Amino acid sequence: MKFENFGLGIVKGLSVAIQYVWRHALVTQYPEQRLNISRRSRGNELVWSRERCTGCATCAKACPQGVIEIVTATDMTENKYKVETYRVDTGYCIQCGLCVEACPYDALFMGYSYERAKYRRAELVQTNDELLESPQRPVSGYFHPDIAKKLPKQTLLIEKIVEKRK
Amino acid sequence: MTTTQELTLKTEPFILNIGPMHPSTHGVFRMRATLDGEVVTDIEPVFGYLHRGIEKLAEERTYTGIIPFTDRLDYLSPMSNNLGYCLAVEKLAGVKVPERGEYIRIITAELQRLANHCVAIGAMFNDAGAYFTPFLYMFRNREKIYDLFDMLCGQRVTYNYMRIGGVSQDLPEEFLPAVAKFLPQLKKFLDEYEFFVKQNEVFVARSKGVGILSKELAINCGISGPVARASGIKHDLRRDDPYSIYDRFEFDIPTAENGDCFDRFYVRVQEMRQSVRILEQAIKQVPDGPFRANVPQVIHPPAGESYAHIESPKGELGYYIVSDGSIAPYRFHIRPTSLINLGALRNMVRGWKVADLIFIFGSIDITMGEVDR
Chain A
0 MKFENFGLGI
10 VKGLSVAIQY
20 VWRHALVTQY
30 PEQRLNISRR
40 SRGNELVWSR
50 ERCTGCATCA
60 KACPQGVIEI
70 VTATDMTENK
80 YKVETYRVDT
90 GYCIQCGLCV
100 EACPYDALFM
110 GYSYERAKYR
120 RAELVQTNDE
130 LLESPQRPVS
140 GYFHPDIAKK
150 LPKQTLLIEK
160 IVEKRK
Chain B
0 MTTTQELTLK
10 TEPFILNIGP
20 MHPSTHGVFR
30 MRATLDGEVV
40 TDIEPVFGYL
50 HRGIEKLAEE
60 RTYTGIIPFT
70 DRLDYLSPMS
80 NNLGYCLAVE
90 KLAGVKVPER
100 GEYIRIITAE
110 LQRLANHCVA
120 IGAMFNDAGA
130 YFTPFLYMFR
140 NREKIYDLFD
150 MLCGQRVTYN
160 YMRIGGVSQD
170 LPEEFLPAVA
180 KFLPQLKKFL
190 DEYEFFVKQN
200 EVFVARSKGV
210 GILSKELAIN
220 CGISGPVARA
230 SGIKHDLRRD
240 DPYSIYDRFE
250 FDIPTAENGD
260 CFDRFYVRVQ
270 EMRQSVRILE
280 QAIKQVPDGP
290 FRANVPQVIH
300 PPAGESYAHI
310 ESPKGELGYY
320 IVSDGSIAPY
330 RFHIRPTSLI
340 NLGALRNMVR
350 GWKVADLIFI
360 FGSIDITMGE
370 VDR
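Sequences listed follow chains A and B, in order. Heads up, the first sequence stops at 165 in numbering that gives the first Met the number 0, and the numbers go up one at a time, no gaps. Heads up, the second sequence stops at 372 in numbering that gives the first Met the number 0, and the numbers go up one at a time, no gaps.
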């Protein structure tokens with residue numbers, strides 16, 4: 000085994016390492032400092048709009064995992080289907096977003112929220128009112144460019160992002 | 000008398016089981032290595048710990064519904080997997096992709112190649128014993144690429160971005176300026192990385208001449224990608240069988256001659272430079288217009304079969320689809336790069352020590368999601 004230029008590689012490595020002392024850090028101290036997530040973020044929940052939904056079940060057909068369950072009934076007073084049950088088993092959902100893409104009436108959105116872990120498996124199955132939009136369940140701009148424009152701009156690592164910790 | 004007895008002791012090969020839960024096996028790969036002292040005489044790879052039956056599951060899904068599953072094959076380069084699958088379906092259904100869609104696909108696929116090689120090189124140094132420093136230098140840059148993908152499609156790993164006939168959503172306004180800003184940073188980083196790693200005595204001593212894969216063996220085993228190019232085979236599907244719009248860009252195919260671990264590292268670094276070159280040309284040429292052909296979400300392609308292959312970051316990735324005219328494929332088969340590249344591992348590691356076995360295995364760059372499917 001030849002050892003030409005022995006020592007040079009180590010000197011080079013150390014010189015690079017020393018340069019990193021003056022560069023800005025890329026990590027953030029998570030619970031205190033937060034970065035803005037993507038405007039098109041596919042968070043871990045689906046948000047459903049009861050007013051716009053017609054119960055056509057296009058989302059259920061588009062779902063590759065088959066986690067969306069819809070039960071409809073004919074409402075004789077109005078000329079439309081009444082959605083009795085809209086149930087999503089979030090535990091089986093793979094957050095692919097195909098249901099949001101398929102919905103012809105803009106009644107389904109990906110969630111913008113994260114940190115929504117649950118303690119029990121049964122709490123992941125969300126039905127009707129649990130799926131509606133609320134302050135804890137904001138709506139993401141995935142496949143809805145008009146919503147995406149209103150959300151804060153995503154922080155990118157290629158820009159200098161980290162503020163001094165207070 | 001006692002010394003002669005010791006010398007004529009009966010010895011037998013020692014079988015060492017490595018994996019499936021082992022930090023250096025890149026997933027759930029298991030090797031049964033037969034050792035003579037510390038020298039590896041034979042290994043037997045054992046697969047199947049991550050088998051999810053994606054080929055069978057795909058037979059019950061619509062053509063669009065399979066795209067999220069292709070993300071989960073090679074989870075270090077999902078965009079390339081999406082691209083290969085969409086090309087196969089487009090060939091089957093006769094869909095033409097608009098110009099802007101083609102450019103977006105090329106940009107994402109090349110960014111994905113950069114991200115994949117970041118992991119491949121970083122993990123290779125990890126296996127060589129440079130514990131996590133070169134790995135994190137690479138990951139710092141991969142994270143920048145993942146940020147761009149996050150902006151594009153909303154997730155960092157399973158993108159599900161490409162669709163049959165284009166891509167799912169248009170580029171955000173700030174995407175192309177961000178890529179243009181990222182590329183000089185990456186070039187500067189690659190110079191720096193090569194500067195401190197290429198002449199590092201420990202790395203050179205560990206990698207030069209180790210795990211040589213001869214050209215003949217590489218061809219016989221069907222090896223493709225950077226591993227084959229490091230052995231001197233100038234084969235790249237982007238040049239040899241241009242798919243999408245790769246014939247419009249100028250780029251070189253880096254090759255090396257020795258086929259050892261150092262060459263496999265160096266070919267990957269040079270490939271990253273070529274990807275940067277393609278990206279620099281592509282982001283200047285992106286035209287306006289539609290990004291997606293008017294294809295419904297549920298399609299009925301005519302009965303028949305199609306095969307499309309692309310140069311994924313790891314090598315040749317092929318998708319074979321047989322259609323019977325219904326909404327789901329009759330048969331769906333994947334030509335996985337990682338599994339076929341593993342075929343030469345047994346011949347490459349014979350005669351090397353256990354520490355070299357880990358390093359040679361790391362230099363092939365496999366993903367278990369693709370091996371087991």
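It should be emphasised that the hints constitute simulated quantities derived from the structure, not laboratory data. Only a predicted model underlies this, so the values are computations on that prediction, with no experimental measurement involved. Built from N, CA and C at the ideal position, the CB exists for glycine as well. There may be inaccurate statements among the hints.
Away from chain A, derived, C-beta distances all over 10 angstroms, residues of chain B [as the list claims (entries may be wrong)]:
#1 Ser23
#2 Glu37
#3 Asp41
#4 Arg60
#5 Pro67
#6 Phe68
#7 Phe131
#8 Glu142
#9 Ser167
#10 Glu173
#11 Leu175
#12 Glu200
#13 Leu236
#14 Ala292
#15 Leu341
For lysine-lysine, the following DSSO-like pairs were computed, each having C-alpha atoms within a straight-line distance of at most 30 angstroms [as the list claims (entries may be wrong)]:
#16 Lys197(B) <-> Lys186(B)
#17 Lys197(B) <-> Lys152(A)
#18 Lys207(B) <-> Lys187(B)
#19 Lys207(B) <-> Lys11(A)
#20 Lys207(B) <-> Lys233(B)
#21 Lys152(A) <-> Lys186(B)
#22 Lys149(A) <-> Lys95(B)
#23 Lys11(A) <-> Lys90(B)
#24 Lys9(B) <-> Lys283(B)
#25 Lys60(A) <-> Lys187(B)
#26 Lys187(B) <-> Lys197(B)
#27 Lys90(B) <-> Lys283(B)
#28 Lys152(A) <-> Lys180(B)
#29 Lys214(B) <-> Lys149(A)
#30 Lys148(A) <-> Lys352(B)
#31 Lys214(B) <-> Lys180(B)
#32 Lys60(A) <-> Lys95(B)
#33 Lys152(A) <-> Lys283(B)
#34 Lys81(A) <-> Lys60(A)
#35 Lys186(B) <-> Lys11(A)
#36 Lys55(B) <-> Lys9(B)
#37 Lys187(B) <-> Lys11(A)
#38 Lys95(B) <-> Lys11(A)
#39 Lys214(B) <-> Lys352(B)
#40 Lys11(A) <-> Lys197(B)
Exercise. Quickly compare the C-alpha distance for Lys207(B) and Lys11(A) to 30 angstroms and report which way the hint goes.
Key: Holds, at roughly 19 angstroms.
Quiz prompt | Least C-beta distance between Glu37(B) and chain A, which was stated to exceed 10 angstroms | solution = holds, 17 angstroms
Self-check item: Interface-negative label, Pro67(B) against chain A, beta-carbon threshold 10 angstroms
Solution: violated, 4 angstroms
Quiz item: Given the hinted pair Lys214(B) and Lys149(A), is their alpha-carbon gap at most 30 angstroms?
Solution: With Cα atoms ~56 angstroms apart, Lys214(B) and Lys149(A) exceed 30 angstroms; violated.
Quiz item: Holds or violated: Lys214(B) with Lys180(B), Cα cutoff 30 angstroms?
Solution: violated, 39 angstroms
Quiz item: Given the hinted pair Lys60(A) and Lys95(B), is their alpha-carbon gap at most 30 angstroms?
Solution: holds, 25 angstroms
Quiz item: Beyond 10 angstroms from every Cβ of chain A: is that where the Cβ of Phe68(B) lies?
Solution: At roughly 7 angstroms from the nearest Cβ of chain A, Phe68(B) sits no farther out than 10 angstroms, so the non-interface label is violated.
Quiz item: Regarding the pair Lys197(B) and Lys186(B), is the alpha-carbon distance no greater than 30 angstroms?
Solution: holds, 16 angstroms
Exercise. Take the C-alpha atoms of Lys214(B) and Lys352(B), compute the straight-line distance between them, and say whether it is at most 30 angstroms.
Key: holds, 23 angstroms
Quiz item: Taking 30 angstroms as the top limit, are the C-alpha atoms of Lys60(A) and Lys187(B) close enough?
Solution: violated, 48 angstroms
Self-check item: Distal placement of Leu341(B) relative to chain A, Cβ over 10 angstroms
Solution: holds, 27 angstroms
Quiz item: CA of Lys152(A) to CA of Lys180(B), is that 30 angstroms or under?
Solution: Roughly 17 angstroms between the alpha carbons, so the hint for Lys152(A) and Lys180(B) holds.
Going through the hint list in order, the structure does not satisfy hints 4, 5, 6, 8, 9, 10, 12, 17, 22, 23, 24, 25, 29, 30, 31, 36, 38.
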